[in-house]
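Engineer: Letter by letter, the chains look like this.
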Amino acid sequence: MPALAQLARFGGRPRFDRVRPIGQLSVPDRERFRANMRELYAGGASAGSLGLVQRLERELAALHGVEACVAYSNACVALIALTELVAVVPGGEVILPAFTYMGLPHLVQWTGHRPRFCDVHPTEHTLDVDAVRACIRPNTAAILGVHQVNATCRVEALDALSRETGVPVIYDAVHGFYNTHRGAHVGSFGRAEVFSLHATKMLNGFEGGYVTTNDLALAEDLRALRNHGLGADGRPQRFGLHGGLSEVHAGFALAGIPEIAAACARNLRRYERYRAGLAGLPGLSVVPYPEDGERRNYEFTLVWVDAEYGLERDQVVEVLLAEGTRARAYYGPPVHLTDHRPDDMPAPSLPVTEHLARHIIQMPVGEHVSLEDIDEICAVLRTLHEVRDAARAGFAARSDAEVSR
Amino acid sequence: MSAPQPGPRVRLGQHYLPAWDSFLADFDALFERRFFANNGPLVVRLDARFGPFVGARESVAVTNETLAAAIATRALGLTGPVAVPALCSVSLLQGLAWGGAQPVLCDVAADDEGIDAGLLAGDPRPYAALGVVLSPHQPRVPDALQREAARRGVPLLVDGSRALGCLVDGDPPRLGAAVRYHSFHSRHIVNGGEGASIVTDDPELAERLRYCRSFHAASATARVMPRINGKMAEAPAALIHRGLDELEARIARNRALFLRYAELLAGAPLRVLAPSAEVRSNHEALEVELAGPEPAAWAERAVRALGAVGIEAARPFTPRELTVALARPSEGPSRCDANVDPSRCDANVDPSRCDAKINPSRCDANVGPWPVAEARALRRLELPLGAGVTTEDIGEVCALVLGALDPHHAHAQCNT
Numbered sequence: 001m002p003a004l005a006q007l008a009r010f011g012g013r014p015r016f017d018r019v020r021p022i023g024q025l026s027v028p029d030r031e032r033f034r035a036n037m038r039e040l041y042a043g044g045a046s047a048g049s050l051g052l053v054q055r056l057e058r059e060l061a062a063l064h065g066v067e068a069c070v071a072y073s074n075a076c077v078a079l080i081a082l083t084e085l086v087a088v089v090p091g092g093e094v095i096l097p098a099f100t101y102m103g104l105p106h107l108v109q110w111t112g113h114r115p116r117f118c119d120v121h122p123t124e125h126t127l128d129v130d131a132v133r134a135c136i137r138p139n140t141a142a143i144l145g146v147h148q149v150n151a152t153c154r155v156e157a158l159d160a161l162s163r164e165t166g167v168p169v170i171y172d173a174v175h176g177f178y179n180t181h182r183g184a185h186v187g188s189f190g191r192a193e194v195f196s197l198h199a200t201k202m203l204n205g206f207e208g209g210y211v212t213t214n215d216l217a218l219a220e221d222l223r224a225l226r227n228h229g230l231g232a233d234g235r236p237q238r239f240g241l242h243g244g245l246s247e248v249h250a251g252f253a254l255a256g257i258p259e260i261a262a263a264c265a266r267n268l269r270r271y272e273r274y275r276a277g278l279a280g281l282p283g284l285s286v287v288p289y290p291e292d293g294e295r296r297n298y299e300f301t302l303v304w305v306d307a308e309y310g311l312e313r314d315q316v317v318e319v320l321l322a323e324g325t326r327a328r329a330y331y332g333p334p335v336h337l338t339d340h341r342p343d344d345m346p347a348p349s350l351p352v353t354e355h356l357a358r359h360i361i362q363m364p365v366g367e368h369v370s371l372e373d374i375d376e377i378c379a380v381l382r383t384l385h386e387v388r389d390a391a392r393a394g395f396a397a398r399s400d401a402e403v404s405r
Numbered sequence: 001m002s003a004p005q006p007g008p009r010v011r012l013g014q015h016y017l018p019a020w021d022s023f024l025a026d027f028d029a030l031f032e033r034r035f036f037a038n039n040g041p042l043v044v045r046l047d048a049r050f051g052p053f054v055g056a057r058e059s060v061a062v063t064n065e066t067l068a069a070a071i072a073t074r075a076l077g078l079t080g081p082v083a084v085p086a087l088c089s090v091s092l093l094q095g096l097a098w099g100g101a102q103p104v105l106c107d108v109a110a111d112d113e114g115i116d117a118g119l120l121a122g123d124p125r126p127y128a129a130l131g132v133v134l135s136p137h138q139p140r141v142p143d144a145l146q147r148e149a150a151r152r153g154v155p156l157l158v159d160g161s162r163a164l165g166c167l168v169d170g171d172p173p174r175l176g177a178a179v180r181y182h183s184f185h186s187r188h189i190v191n192g193g194e195g196a197s198i199v200t201d202d203p204e205l206a207e208r209l210r211y212c213r214s215f216h217a218a219s220a221t222a223r224v225m226p227r228i229n230g231k232m233a234e235a236p237a238a239l240i241h242r243g244l245d246e247l248e249a250r251i252a253r254n255r256a257l258f259l260r261y262a263e264l265l266a267g268a269p270l271r272v273l274a275p276s277a278e279v280r281s282n283h284e285a286l287e288v289e290l291a292g293p294e295p296a297a298w299a300e301r302a303v304r305a306l307g308a309v310g311i312e313a314a315r316p317f318t319p320r321e322l323t324v325a326l327a328r329p330s331e332g333p334s335r336c337d338a339n340v341d342p343s344r345c346d347a348n349v350d351p352s353r354c355d356a357k358i359n360p361s362r363c364d365a366n367v368g369p370w371p372v373a374e375a376r377a378l379r380r381l382e383l384p385l386g387a388g389v390t391t392e393d394i395g396e397v398c399a400l401v402l403g404a405l406d407p408h409h410a411h412a413q414c415n416t
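Taken in sequence, the protein lines are chains X and H.
Quick note on numbering: the working numbering labels position 325 of the first sequence as 325, and the sequence is numbered without any gaps.
Quick note on numbering: the working numbering labels position 400 of the second sequence as 400, and the sequence is numbered without any gaps.
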């Protein structure tokens, strides 16, 4: 059979009969989860013991080396609550990257603020501090940094900018979970940081989120806000919402905490397997994690596609999808060029973001992807490079057909 | 790090859990599938099941009750003042505000405790919708309010969280043109740990609700901004399915506990709130009302006496307290301080001058007066009734509540 026809996109049989996803999707030790649920069935907090949510908050505070952790129903609600509490100009702008999760500009608007998109650093993919400085206006309400899986934000420079301008810095730390920066835990930077307990993330709580902070007054406000703004006496004290994490979700996340280090080690092996499998392949390279002695979760394997490979990034993604994977364009298109931007906001020009958003693939990873799966995926990418001219012709034929339709 | 606080011995709320073996079977299956979130099979099945269960065409599962109210508000496009009963649930009140509307508390009718439709008919404000909060014993939207909504041409947004499983003349209450949500927080009779479902008979509205609750949903017609991750995960959906299976048994147990309260409090100057003859209540909450003098002082003494032995009880929020639940500190003091001077409400003379259009916490309209709601809230007390409550507990609760009728007796109890 000709090599091109071996690829599912061009008529071959898909390599995988079960989807190979991009999320972590871990299941912790079931007996540990059952033990937590037995506690819930025995009455949990009502029996005079600590509730599972409180236990989870204590363990996560210790994990991140911070004074306080406040759990929420999901990371979006946590970020909305945090923005509501720390933003300094009601109705003002929140500076954030566009090379990020599509939801962030929406979340900013739930608190009545406006997103202001800002460009990122070309190799670290986090907020470019000089660009942030240029974005600051009298109506800037907050800076929302987003840690990337391969780099923590430049927290020292952003802290200095915050001190200088009075604009608070908060972080979306979802992909910085378990990482360190200059020896300090991610979770301890800025006014506060937000993490996710979604099933696709490093710590699976089915769904959930939490805020870490060393500001105890802020933590108390976060607790009151998530409980409708009620005070310790159970009476209304301020605006709030219903935003707490369920005890069942907390019990599941608690069961997973002892297994995090092992999950990170497995992620590292997958990342190394991709690196070995793609070594020497022209135009394709794994985005490296810095070898600087910091602790990392190796949650994603990102692959950079250059012109030398012979096909566009989106074409490569299409081939991988056809094989039965969930590979996807990494933050492409960037948020500011999609309908997630507010309707009345012109798209700003963010050259670094727009360049990055054309080149990177988020590869299948997590507990559903074996090392042998990765060998298969790498073999597909090698085959595709070998038949790149025919593949290009195949894609062009489809485009012509679409135009004629 | 502040020390976590242990909970009370006997809690308010329902807190029912499925049988242990059912729970294990459901969660083992969930772990085998490794499909935990993002519109999994249990959530899809819940959306298909719950609408017909409550007599609606469409059902949309979401994260929790605040997001249910907020997403419904966004999907309905409510941006102006919305009338809500002055005995409103906090979730409806705050959900409306998060969704971009401006809740305005209106006094309630003495018979059904919904917004007083007679007063509303004379209110010149251009309300974008009318809010309704159902209770276990009042599970339907009052007819007069439905007529007033129709006259104004505005939708009804209904918090049905406390009325799941209730029947009127043997049937689930009709949904009509309303949009209703049901919370599955553990204090309600069907416990998902968390979660809520929004129900409607309007398929176009359902599409807007689905579009708004997720960043991933695609739609050719819906455009609701901003959106949110408001999806329900699989774990609550598993619990909710079991809760629906067990609903009748839970109602029967609640009713037995309710009857025990009624028996022990008979003859006292207290009224145990009960449904009318045509209503089958789910009895998910037990409320008593003091008929005698100084009800607020009695309620406070009762709360303290019960709390001293680890039993939770609570007074409902007064309308004035509810205005505090709308106050955003970042925006300065709420003009609801004008409670002391209702004449400061510009909206009473000129609705276009209502500050609520700009900022709900500065709503000059929330100044009352709310004489009926205020009186009801002050003389009422919620007592524990649910999965963890035994008939022995009820005996203890009733003794303390009756003891609190006598201030001297109650004082002695607290000190011992």
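Because the hints were derived from the structure by calculation, they are not lab data.
All residues carry an ideal CB built from backbone N, CA and C; glycine is no exception.
It cannot be assumed that every hint is accurate.
To be verified - Here are the computed distance ranges between Cβ atoms for each label pair:
1. Pro126(H) <-> Gly234(X): 50 to 58 Å
2. Gly267(H) <-> Gly91(X): 52 to 60 Å
3. Gly55(H) <-> His355(X): 32 to 40 Å
4. Gly55(H) <-> Asn227(X): 45 to 53 Å
5. Asp343(X) <-> Gly122(H): 33 to 41 Å
6. Arg358(X) <-> Arg223(H): 22 to 30 Å
7. Asp344(X) <-> Glu300(H): 33 to 41 Å
8. Glu392(H) <-> Gly234(X): 43 to 51 Å
Engineer: Now tell me if each hint is right for this structure.
Structural biologist: Taking the hints in turn, this is what the structure says about them:
1. Pro126(H) <-> Gly234(X): 50 to 58 Å: Hint violated: Cβ distance 35 Å, outside 50 to 58 Å.
2. Gly267(H) <-> Gly91(X): 52 to 60 Å: holds (58 Å)
3. Gly55(H) <-> His355(X): 32 to 40 Å: At 54 Å between Cβs, range violated.
4. Gly55(H) <-> Asn227(X): 45 to 53 Å: violated (32 Å)
5. Asp343(X) <-> Gly122(H): 33 to 41 Å: At roughly 38 Å between Cβ atoms, Gly122(H) and Asp343(X) fall inside 33 to 41 Å, so the hint holds.
6. Arg358(X) <-> Arg223(H): 22 to 30 Å: holds (27 Å)
7. Asp344(X) <-> Glu300(H): 33 to 41 Å: violated (51 Å)
8. Glu392(H) <-> Gly234(X): 43 to 51 Å: For Gly234(X) against Glu392(H), whose Cβ atoms are near 25 Å apart, the range 43 to 51 Å is violated.
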